[in-house]
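Novice: For the protein sequence lines, the chains are A and B, in the order given. According to the working numbering, the first sequence is numbered sequentially starting from 1. According to the working numbering, the second sequence is numbered sequentially starting from 1.
No lab work stands behind these hints: they were computed from the structure. All C-beta atoms in this analysis are idealised placements derived from N, C-alpha and C, irrespective of residue type, glycine included. Heads up, some of the hints might be wrong.
[Unchecked claim] Straight line, CA to CA, 30 Å or less: simulated BS3-like cross-link-like pairs of lysine-lysine:
(1) Lys306(B) - Lys322(B)
(2) Lys56(B) - Lys231(A)
(3) Lys61(A) - Lys411(B)
(4) Lys326(B) - Lys403(B)
(5) Lys322(B) - Lys320(A)
(6) Lys179(B) - Lys253(B)
[Stated by the list, open to error] Cβ pair distances, simulated, as ranges:
(7) Asp275(B) - Met1(A): 23 to 33 Å
(8) Lys403(B) - Val29(A): 20 to 30 Å
(9) Glu471(B) - Ser7(A): 38 to 48 Å
(10) Lys408(B) - Asn300(A): 49 to 59 Å
(11) Ile456(B) - Met1(A): 46 to 56 Å
(12) Ala406(B) - Met429(A): 38 to 48 Å
(13) Ser448(B) - Gly37(A): 24 to 34 Å
(14) Gly65(A) - Gly53(B): 34 to 44 Å
(15) Glu209(B) - Met429(A): 53 to 63 Å
(16) Gly88(B) - Asn300(A): 17 to 27 Å
(17) Pro333(B) - Ser7(A): 52 to 62 Å
[What the hints assert, rightly or not] Stretches of chain A that chain B covers, calculated by requiring three or more beta carbons in the stretch to come under 8 Å of a beta carbon on chain B:
(18) 130-140
(19) 149-155
(20) 197-203
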Amino acid sequence: MRYLPKSPAERKRILAEIGAASIDDLFAVIPAGNRLGRDLAVPRAHAESEVIDYFRAAGKKNATGYASFLGAEAYRHYRPVIIDSLVQRGEFLTSYTPYQAEITQGTLQAIFEFQTMIAELTGMDVANASMYDGSTGAAEAVRMAMRVTGREKAVVAATVHPEYREVMATYARHQELPSTLVGYDPETGRIDLAALEAAITQETAAVLVQSPNFFGVIEDIPAVAALAHAKGALLIVSIAEAVSLGIVRPPVEADIVSLEAQSFGVALSYGGPYCGVIAAKEQFLRQMPGRLVGQTVDGNGNRGFVLTLSTREQHIRREKATSNICTNQALVALMATIFLSVYGKEGIRELAEHNLAKADYAAKTLSAQPGAKLHFSGAPRFNEFVLQTREAPAAWSQRLMDKMIVGGIGLARWYPELGNATLWCATEMVTRAQIDTAAKALAAAPVEAP
Amino acid sequence: MTTNATGPRTLGKVRPHQTQNEALLFEKSSPGKRAYMLPPLDVPAVDAASLLGVAKRDQGAELPELSEIEIIRHFTRLSTWNYAIDLGMYPLGSCTMKYNPRVNELVARVEGLAEAHPYRPDSLAQGILEVIDLLQHCLLEITGMDAITLQPAAGAHGEFTGILLVRAWHESQGNPRRKIIIPDSAHGTNPATAAICGYTVENLKSNAEGGIDLEALAAQVDSETAALMLTNPSTIGVFESQIARIAEILHAKGALLYMDGANMNALVGKARPGDFGVDVMHLNLHKTFSTPHGGGGPGSGPVVCKAFLKPFLPIPVLVQDKDGAKHWNYDRPQSVGRVRAFYGNVGMFIRALAYILANGPDGLRQTTEDAVLNANYIRKKLEDVFELPYKTASMHEVVFSDKLQAAKGVKTGDIAKRLIDYGFHPYTVSFPMIVHGALMIEPTESESLEELDLFIEAMRAIAKEVDETPELVKTAPHSTRVSRLDEVQAARKPILRWAPAVRPNAR
């Protein structure tokens, strides 16, 4: 009861003021048969120290101290300390959506800064205040393209994260919107341009690609854009590894960019909360989903910020809204804003270069081991790569785990044709020693019988 | 504060100070400043141009360049421009702005949990899977339901998931049906959700008590009705005492009862939706279960349902082996699919479970009782100065109207702004729409008697001002860093990002 600021005497006093004999009077409106006449069967009340003990034990049981080569749209980057110092300020943490602009200028200005940074990074004109994550952002971007073009079909690259594609399918199921899947070039891992050209029709609302794609390969965005635009379709680029934007050319030819900003200082946290965001060309602004912060002035001419263009949103338009989204990921967007302030213009490039170097070294070192080779070597990559091994991943991954290393993730669950292929990620957090140890463990395959 | 012929002015004293004039990050930037340092590169450096070719970025993004202390000051100064629960009462009806326990923040950052990659092998994730399992168990017990998914990222996302379950079940019965019935008192997310799921929205007019009109409902439900989306307690804070009958009417026609769980803070430990006929509902962990609103998110919107809807839950679902090991099961042919990558906003699950553990059964029940007690106290203390459009018993929130004040030309929005001058966050303004000029007040359990009395005093003082000096109220707030902002200008010529060209003249 340590969170409840009332003494038993005060409760009695309030009841007397209300004119109720007991607290039960206030619940009498619930029919007796519908009232719960017993304690909830949940764990007993825990002291604060016990709560901490419980979660620390869970953390230990989860295992700590492993080096990890896992990526696949959830990236381990260093999180500067001041992120948590600042987002835990009660004024940010315990504030609501900034509908009352006069007393939420802090949140509003920070979101305005976030929108500016995302527009800068992605090469788009405008960005919104955030979406739930990259997967729902991509699905909402496709729906947005449908509204812009008045068309109802989508062409989607098979190299978009499989789970993003599953989310999109869920969103599209009751919206017409049949989607065509376009495969990848077996040499480069990029979208098959000939197949893409054939798949786009006059009914295509949008082409959706991811870059770097699920295999870590950077797509040829200008070429994809040309094919989409030739048929009047919009190009949506999904970006899941946001740090890539420090060194990889932004998709300026895209009409809509759906970014997952988790890489910008957001903990892995077993998959969430992360931070999606939709950025776009200005002419599509009024079809954007989600909240937008705009600059204005107050009665004395002072600069201030407000939530704006809300006639797109559910609390005004109800069933005619661009989306049903209400709560977004504001505090996570603030983390990203602080992260980008820390790294700044030079830092984000330097950080991206370190990722490029680590992944290049890891790709070369691991693929040099007997029975291993690099897949999709014909196109540029950022910090991920696909490794093909003679041995099944289940066999070598245990040898790596014995060395406290979690290796790449198997791709066969999504791409059966890729057999033993695994997707590896090396961010700035991976050390050369860990890469070398992983390579040794990978090489230590049992000697095959002659 | 000064008052003259043209009405009150901004205090003025707050604006000149440096902490009140913090510029945008971009305006503070100078080339060459650094707030970071990377460790020495322990692998060979690479030539980005040769690795990336034409895919290399030529022009860096114009991110600000600042030192660490400037960043700390920047965001700390911005933070002081916000109101927050930590500063005082935040009586936003329907939003459940309760205390956010700090231990929740600590445990969400425990190393083995915060750093867990979503694709780590299940054998290295048993700790977090146990946390998820225990939270699922608790939420099912609290709601009296049979099955659960934690995947939805927020309340509206939970609604989307819940209505997809409804639709999938109807499809399995041979007809997805065409329409969803939604009371006119509902949150805007309800109709928006129904539309996204391919349903036609049919409005249901509330009865004289602000509740469901049983006869109208019975007349409206037919073989094409997929579900009724009902908020209970309703958005006027009233429990639908005919809830069992409502469920019967729906079920008799093969329609389902969806409950918007936004107001679950009125029920935890006292009554369970699963016991009064609800088939499927969502919860808002950021309302009922104390996870912070964070200026607009992240939230978390678990969906709980009856057993017959379980086959349709999003993939994956958590299952347990005979030996007790937990893992994710993706093999669910009837699933509606995924609604989000990975497993949901796991960091919020940890915080919500910490809240449940800290409270236990007695704490959860007392929390609900205090929330209802507080709302009724405010009702009692204000009902003589503000009109109460519905006299039905209130639960966790009370809705007044501005009828008495509007006669003097003062609207609910003005009273809300004036409340800011008294040190409180406004209540929810002009919602629900069935109450003209609504003042929707939800104190939650987190307010002490002292804070409640201060709020009541402020509201009564404003009611008096409306009679005596209405201009003072109509031009509020007067004590804030900025006065009322020009929303029309913001929307007419949107400036949504900083650029050197739109930099205002230095003041």
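Novice: If you check each hint against the structure, which ones fail?
Specialist: 3, 4, 5, 10, 11, 12, 19, 20
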